[in-house]
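Novice: Sequence:
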Amino acid sequence: LLSQPGIDPVVFYTENIAPYKGELEIWYQQHASLWLDIKLIFLTAWVIVKPESDLPFRWLKGLPEQPEYLK
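Its first residue numbered 1, the sequence shown is counted upward by one per residue in the working numbering.
Honestly, the hints are just simulated from the structure, not real lab data. All residues carry an ideal CB built from backbone N, CA and C; glycine is no exception. Fair warning: there could be bad hints in the mix.
What the hints assert, rightly or not - Under the rule of at most 30 Å between Cα atoms (straight-line distance), these lysine-lysine pairs were calculated in the DSS-like manner:
| id | residue 1 | residue 2 |
| --- | --- | --- |
| 1 | Lys71 | Lys21 |
| 2 | Lys71 | Lys39 |
| 3 | Lys50 | Lys71 |
| 4 | Lys71 | Lys61 |
| 5 | Lys50 | Lys21 |
| 6 | Lys50 | Lys39 |
Stated by the list, open to error - Have a look at the derived ranges for each label pair, beta carbon to beta carbon:
| id | residue 1 | residue 2 | range |
| --- | --- | --- | --- |
| 7 | Trp46 | Glu23 | 14 to 24 Å |
| 8 | Asp8 | Ala45 | 29 to 39 Å |
| 9 | Ile17 | Leu55 | 15 to 25 Å |
| 10 | Ser53 | Gly6 | 26 to 36 Å |
| 11 | Gln29 | Pro5 | 31 to 41 Å |
| 12 | Leu36 | Pro5 | 37 to 47 Å |
| 13 | Ile38 | Val11 | 35 to 45 Å |
| 14 | Pro5 | His31 | 31 to 41 Å |
| 15 | Lys39 | Gly6 | 37 to 47 Å |
| 16 | Trp35 | Gln4 | 33 to 43 Å |
| 17 | Ile26 | Lys71 | 12 to 22 Å |
Turn these sequences into a full structure, and let the hints steer you where they fit.
Specialist: Have a look at this one:
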């Protein structure tokens, strides 16, 4: 996305990335637990090895929907 000409990275972050991150933070606060933290550690390692995996969205029910530009 940022490699496309005419896209200001700061504006793109402010208008697209930051709101989604905010939704994720609210979701985390509403679901915070030790078990969730353990899942997140495992899933972080998992998506490093298999970045195309949708396992996080299957394991973590109720996550805010991922915007099209991040898919």
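Novice: Which constraints among the numbered hints does this structure fail? Numbers only, ascending.
Specialist: none
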